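Q: Fit chains B, C and D to the given chain A structure using the hints.
Chain by chain, the residues:
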Amino acid sequence: MSTATQVNIDAFRSETREWLEANCPQSMRSPVKTFKDYFWGGRNPTFHSEDQKLWFERMRDKGWTVPRWNKEYGGAGLSKSEYKVLKEEMAKIGARSPLFSFGIHMLGPALLGFGSEEQKLQYLPEIARGEMWWCQGYSEPGAGSDLAGLQTSAEDKGDHYLVNGQKVWTSYADYADKIFCLVRTDKNAPKHTGISFLLIDMKSEGVSTRPIKLISGSSPFCETFFDNVKVPKENLVGVENEGWNIAKYLLTHERSMIGNVAKMDKTLDEYAIESIGIEDSVLADPVNRIKTAQWLIDEAAFNFTLERALDEAKAGSPPGAKSSFFKYYGTEMNKRRYELMMSTGGFDNLVWGEEYEDGKTARDFCRTKANSIEGGTSEVQLNIISKHILGLPKK
Amino acid sequence: MSTATQVNIDAFRSETREWLEANCPQSMRSPVKTFKDYFWGGRNPTFHSEDQKLWFERMRDKGWTVPRWNKEYGGAGLSKSEYKVLKEEMAKIGARSPLFSFGIHMLGPALLGFGSEEQKLQYLPEIARGEMWWCQGYSEPGAGSDLAGLQTSAEDKGDHYLVNGQKVWTSYADYADKIFCLVRTDKNAPKHTGISFLLIDMKSEGVSTRPIKLISGSSPFCETFFDNVKVPKENLVGVENEGWNIAKYLLTHERSMIGNVAKMDKTLDEYAIESIGIEDSVLADPVNRIKTAQWLIDEAAFNFTLERALDEAKAGSPPGAKSSFFKYYGTEMNKRRYELMMSTGGFDNLVWGEEYEDGKTARDFCRTKANSIEGGTSEVQLNIISKHILGLPKK
Amino acid sequence: MALVLSEEQQMLKSSAKEFFNGNAPVSALRRLRDEKNADGYDKRVWEEMVQMGWSGLVFPEEYGGLQFGYTGLGQIMYESGKTLTASPLMSTVVLAGTVINEFGSSEQKQKYISDICEGKRLFAVAFEEKNIHSPHIANTKVVDNKLSGSKKFVLDGHIADVFLVTASSDSGLGVYVVDAKGAGVHVERHIMMDSRNASTVTFDNASVLDMIGLPGDGKTIIDRSLDIARICLSAEMLGSMEEAFSRTVAYLKERKQFGVSIGSFQSLQHRAAHMYCEIELCKSLVIKSLQAIDQNADNLAHLASMTKAKVGQITELVSNEAIQMYGGIGMTDDEEIGFFLKRARVSQQTLGDYNYHLDKYAVLNNY
Amino acid sequence: MALVLSEEQQMLKSSAKEFFNGNAPVSALRRLRDEKNADGYDKRVWEEMVQMGWSGLVFPEEYGGLQFGYTGLGQIMYESGKTLTASPLMSTVVLAGTVINEFGSSEQKQKYISDICEGKRLFAVAFEEKNIHSPHIANTKVVDNKLSGSKKFVLDGHIADVFLVTASSDSGLGVYVVDAKGAGVHVERHIMMDSRNASTVTFDNASVLDMIGLPGDGKTIIDRSLDIARICLSAEMLGSMEEAFSRTVAYLKERKQFGVSIGSFQSLQHRAAHMYCEIELCKSLVIKSLQAIDQNADNLAHLASMTKAKVGQITELVSNEAIQMYGGIGMTDDEEIGFFLKRARVSQQTLGDYNYHLDKYAVLNNY
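Residue numbers (this note's numbering), protein chains in the order written: chain A, 1 to 395; chain B, 1001 to 1395; chain C, 2001 to 2367; chain D, 3001 to 3367.
Okay, chain A solo, but in the shape it has when bound:
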């Protein structure tokens, strides 16, 4: 990095730090925990606190809900290094994301990569401003890992598509305004062709949803039904029958997001020491001690690997199928973490009351079991690694 750029970056850092200090309300500087800590935006947005609203609006006005998007799309057009500085400074004070949005993290990249300029200008700014709550419609009942086996059909009716079928695992479809879907536009084509990427308004006639209750007790997902739903043809993203490319692109993208092992309030050893106690200067449960140490070593090694992958990418090595590695290993580690927490936390962690907070660890534990299923199962990731990294043959 040249000295001149370094000066700019240093200036950007101190500006950012000052702005955050002045504008991020104190209550927005702790990790999100319950549903109420998230702001999702949407046509009829719900703020759970005045601070939440304030924080969102200030960030939105800076273009910092989507810092790297261009200004005409509602972003701030930050460079990679500026974006890194912003993330670092936010992390330093524990600032929350002002807006949680599948629009930003999933539809956004799809539109940026495959959408027309009209679509970008139409959809991206309202995503950036938190005015539209998008959900994702990929999976179908019975499809599971075989995503490309989807059956929801979109029939060409001249000026519109007629959509019929059913999606499952649509996150918050009962709250969302719109859904981006994979639909089959050619029934006679081979499995991976004949799929298109379509945007559908959830208010359209014929769309209905049913929440799915999970073993964790919460219902973040729905089944979503399409019964003769008319969708304008301009809602097609990319080329008809080539939607699978967009899906693959997004899956890789999603995988690398899921793969991060989330930071917790307490490290596992702190948690174990607090819950189990120290005897003769070692953790009183000698088996837990070993498992905890092993997990923490793996966590550090995993984080170094993320760091290394970024450094290698900077140095010009493409990440390739590595997102499958991160997805697989990161989700398996998160499951192991919660397995350990259930063991460390003892009787208190077994309680399961009416509210999420009353049974938080047990509920979160249950939730982690989905980590290695959603976004491509661990088995699918291992298949990908084996095929695309190791080059092992198909049968």
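Since the hints were made in silico from the structure, they are not lab data.
Hints may contain errors.
Claimed, not checked - In silico lysine to any residue, SDA-like type, Cα no more than 20 Å apart, as pairs: (1) B:LYS1087 / B:GLY1077; (2) D:LYS3360 / B:VAL1282; (3) D:LYS3256 / B:GLU1374; (4) A:LYS157 / A:GLU117; (5) D:LYS3013 / D:SER3246; (6) A:LYS395 / B:LYS1394; (7) A:LYS248 / A:LYS80; (8) D:LYS3256 / B:ALA1284; (9) A:LYS387 / D:SER3168; (10) D:LYS3130 / B:ALA1284; (11) A:LYS360 / C:ARG2189; (12) C:LYS2141 / C:ASP2179; (13) B:LYS1335 / B:SER1218; (14) A:LYS395 / B:GLY1149; (15) A:LYS120 / A:ARG68; (16) B:LYS1387 / B:SER1145; (17) A:LYS80 / A:ASP156; (18) C:LYS2036 / A:ASP358; (19) A:LYS191 / C:PHE2258; (20) A:LYS387 / D:PHE3019; (21) C:LYS2013 / C:VAL2026; (22) C:LYS2146 / C:ALA2183.
Stated by the list, open to error - Sample of chain C residues with no beta-carbon within 10 Å of chain B, all distances over it, derived: (23) GLN2009; (24) ASN2037; (25) ALA2038; (26) SER2105; (27) GLU2107; (28) HIS2136; (29) LYS2141; (30) LYS2146; (31) SER2171; (32) SER2261; (33) GLN2295; (34) LEU2317; (35) GLN2324; (36) ILE2329; (37) THR2332; (38) ALA2362.
The structure presented is a predicted model; accordingly, all values stated were derived computationally and were not measured.
For glycine and all other residues, C-beta sits at the position ideal for the given N, C-alpha and C.
A: Only chains B, C and D this time, still in chain A's reference frame:
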């Protein structure tokens, strides 16, 4: 068991105990360790000590090299419960097997199950009396787990077969007098048919062997080559082209033999305590401590399972594919045991001198790695369990 | 002793299976949960179990029991594990019943065991105070026949009529009988993730009605009784584990993906086959340990720790693999497999988890 | 600091790779073994390594070194791990060189480090006395400048000209310099399973020539030097692990059974893919730790234990899976994969195994 039988058994037990006490030389009452501790018999038998000879001859004369075989076959015709008593009483004083022999454990059962009466009378007594050293010729280079893919051919030449091909992993073929082989007698039949079970004299013209040096440093196996070897037709066991049934029967038999986790001089915890030491009343290596405890629990559970399988068999449940379970789990446990011993034994166990004894644990450790390969790999056993016990479908 | 069930035991097992399938399948637990049942168990089902003699199965005939042995009781636990049936069997019969039957006087047995056999009163044993299983710690004190202190994780404490409470006095640890409805006793019910119940019970100068054994016998009483209970709980866990496994194998055969049954994928086959093997080991430990109770074997503590450790470990493995192999469906509350996952974690923590017993086993062997 | 190699480091790695492949492949180790080589390493190869400056790679220029840093040395270790090359690199450069360079006076560096750089003398550090890694225990005593005691597992002790020996005096643990050919020094060579060498060295009133640091500095010296050596050894183990893995993957593609390549079996694919992931973690730990040496990071002990533990664990996994996936062929001495298994077990035990470092890591974190 009726009271009358119980009386007989008790009498048999005290007779046996007395006889063993009187006849088993002191030096034959410790576990076999080196090659010299084994007596293999054969046309030109090698005794490594006077006691070894004495012990063998006494046991042979009682018919106790093969206690359950009928007297006309060189055995003692013991009942199941008598045999159990004999084994228990031998174990009590640590008496060695007087004769190690693939003839007894592999060819014997094949002949008893599939041989003609003439063959039984011809071959079994000389096996029982240790007069013939047999080796096994199943595997072929490149076949591995795909045993039935064997290529060694036996062409029908009227009064004899003409055998050509190559076997591998033939145990002690360089010492053995004869070999029992799987050969292909019909090249056009499907893989599992067209195989026959043939007995071949190693002295025949055209037979040659080459020892295979293992990573453990020893050479218990050979490659064995057949170059236009003439084999009399009466040496066929069972029906021509149906040898695969004999092979399957013997593999199951072999598997259940291999599956036993051998008893050692010291239990793993004794070994660990001796080598690592106790600090503050626990093993000084806390990680080893956990692994040792886990292994010992698994060992006990495995032994209970062997016990249960025998009891269930007595109660009328057929063992079925369970031999695959024992083979898989027992060999994996043995590998784990030696892995632990290498860790527990420290620097001393890393030494590897010229002699077997000078590096015994390291050599035995290397040898255990074959446990889960020979007699059907662990993967093959898991395939069998999955198919025959769990009923999971083939692809 | 042969590691197989006798004909009578086999018959009992069959009746238990039929009973639980018919009267208390997994859907019954779901109903108890969803209707927020005040008892947390089905009284009618329990009454029928009492009528069949199961509450008195292991107790002497003179107190109204069937003297059938723990190997038999283990079969009932096993079958109730398959259906995840919630009942006072563990709290009243296995835990409290064992304490009284093994260490009580004949008057006490006459008084309490016969009530247990007849299903007249429910019992709970209160012996945990820390958040992690620690049965020898009691800050609860007895002074002048008054008991004060706080107990955690009292299984079925909310429905108990009588508490057996571990407490310290000048003589050491003892086991005391306290009226659950008496003055100074406060019970707070916690519904757990497996939809069963444990309570926090506080005693504030509660009257001691009776004492099991002598004031210093507590450790002996608790150690042996918990070992027996651990083995019985392991039998129940084995039932749950086997049921979860067989449902998973069935699902692997039925579920199709990429045009084939997912049970044809070799990596899943090998994982399933490995689980089969581990379950075989658990089965052997459970029957061996149950028989050891009935034979009054002197290595019961060893066997109990080996069994609870291994069964805990494999219950965890099997319940995790079940969810993973079911995939998304397994994550939904509509599907029953999740109930097995939740029950697995509670039973793991009950009476000492894998960690606790692996360590204890090493300690028992002096290393 | 970016977790990638600099251009210079990358170039060094490439030369090392080329050198070891050309001059000291696995077959060279086999030859040393089979001809019962008296040195246990190839002198000519070592001389060339010295000429290339590798023996002085990490040492200051003023003593004849290249001052290139441990990250660079780690690449040489890594490449020598791929070919299983036996050389005095670990004993003389990494172990002894680090002790002297980090804790010696400038006179001592002038005296010893320049000899190491020039390849004039070979060194060995004698610090083990028990059968299990225990670097703080020294029953070896120094009295009146005479050293007596017995040391185990002295790497390359049989070829050393100079020993650095830990020994106790009234002031505590110290590090002393002893002439390997001097009176009262007896060296017994042991060839190990990996065909490398360690010695039992006994000192009977051997003259102390010199001392590194002060008489009570031993623990500080050994702790830091061993941590650096553990990281360098981990780099070597990483090389061996990756080589064993890539040979295994190649074999999976090549070997046919049941008419198909065995690499097409899903259970083997998943196990291989899992290994790939674990190896990625090891790679990150190794480069992070190597850089930490060069950056003089204050968490070096943590990093060293994390790295040696994890790399030890995965080396074991990968070497076992390699043999299993090779099947019978892997069991034969003709095939080279067995050399990786044997080397893995020796490097596991060297400088503390997985067990030792997992425990140590917990201790370092106060639990």
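Q: Would you mind marking each hint as holding or not holding in the structure?
A: Each hint tested on the structure:
1. B:LYS1087 / B:GLY1077: holds (14 Å)
2. D:LYS3360 / B:VAL1282: Holds. LYS3360 (chain D) to VAL1282 (chain B) sits at ~17 Å (cutoff 20 Å).
3. D:LYS3256 / B:GLU1374: Measuring from Cα to Cα gives roughly 18 Å; hence the hint holds.
4. A:LYS157 / A:GLU117: Cα-Cα ~25 Å, so violated.
5. D:LYS3013 / D:SER3246: Judged against 20 Å, a Cα distance of about 18 Å means the pair holds.
6. A:LYS395 / B:LYS1394: Given that 20 Å is the threshold and the Cα spacing comes to 13 Å, the pair holds.
7. A:LYS248 / A:LYS80: Distance of about 24 Å is beyond 20 Å: violated.
8. D:LYS3256 / B:ALA1284: violated (47 Å)
9. A:LYS387 / D:SER3168: violated (57 Å)
10. D:LYS3130 / B:ALA1284: Holds - the C-alpha atoms of ALA1284 (chain B) and LYS3130 (chain D) are around 13 Å apart, at most 20 Å.
11. A:LYS360 / C:ARG2189: Status holds; Cα separation ~18 Å.
12. C:LYS2141 / C:ASP2179: holds (16 Å)
13. B:LYS1335 / B:SER1218: Within the cut-off at roughly 18 Å; holds.
14. A:LYS395 / B:GLY1149: holds (19 Å)
15. A:LYS120 / A:ARG68: With a Cα-Cα distance of about 15 Å, the restraint between LYS120 (chain A) and ARG68 (chain A) holds, given a limit of 20 Å.
16. B:LYS1387 / B:SER1145: With Cα atoms ~16 Å apart, LYS1387 (chain B) and SER1145 (chain B) stay inside 20 Å; holds.
17. A:LYS80 / A:ASP156: violated (42 Å)
18. C:LYS2036 / A:ASP358: OK: LYS2036 (chain C) and ASP358 (chain A) at ~16 Å, within 20 Å.
19. A:LYS191 / C:PHE2258: holds (10 Å)
20. A:LYS387 / D:PHE3019: violated (32 Å)
21. C:LYS2013 / C:VAL2026: Holds - the C-alpha atoms of VAL2026 (chain C) and LYS2013 (chain C) are around 18 Å apart, at most 20 Å.
22. C:LYS2146 / C:ALA2183: holds (11 Å)
23. GLN2009: Non-interface label stands for GLN2009 (chain C): nearest chain B Cβ at 12 Å, farther than 10 Å.
24. ASN2037: Label holds. Min Cβ-Cβ 37 Å, cutoff 10 Å.
25. ALA2038: Fine: 41 Å to the nearest Cβ keeps ALA2038 (chain C) off the interface.
26. SER2105: holds (36 Å)
27. GLU2107: The claim holds: GLU2107 (chain C) sits with its nearest Cβ about 40 Å from chain B, beyond 10 Å.
28. HIS2136: At about 16 Å from chain B, HIS2136 (chain C) clears the 10 Å cut-off, so the statement holds.
29. LYS2141: holds (29 Å)
30. LYS2146: Per Cβ check, LYS2146 (chain C) is outside 10 Å of chain B; nearest 38 Å; holds.
31. SER2171: It holds; SER2171 (chain C) is separated from chain B by about 26 Å at its closest Cβ, greater than 10 Å.
32. SER2261: violated (5 Å)
33. GLN2295: Non-interface label stands for GLN2295 (chain C): nearest chain B Cβ at 14 Å, farther than 10 Å.
34. LEU2317: Since the minimum Cβ distance to chain B is about 13 Å, LEU2317 (chain C) lies beyond 10 Å and the statement holds.
35. GLN2324: Since the minimum Cβ distance to chain B is about 16 Å, GLN2324 (chain C) lies beyond 10 Å and the statement holds.
36. ILE2329: Non-interface label stands for ILE2329 (chain C): nearest chain B Cβ at 19 Å, farther than 10 Å.
37. THR2332: Given a closest Cβ separation of 24 Å, the condition holds.
38. ALA2362: violated (4 Å)
The earlier numbered hints that this structure contradicts are 4, 7, 8, 9, 17, 20, 32, 38.
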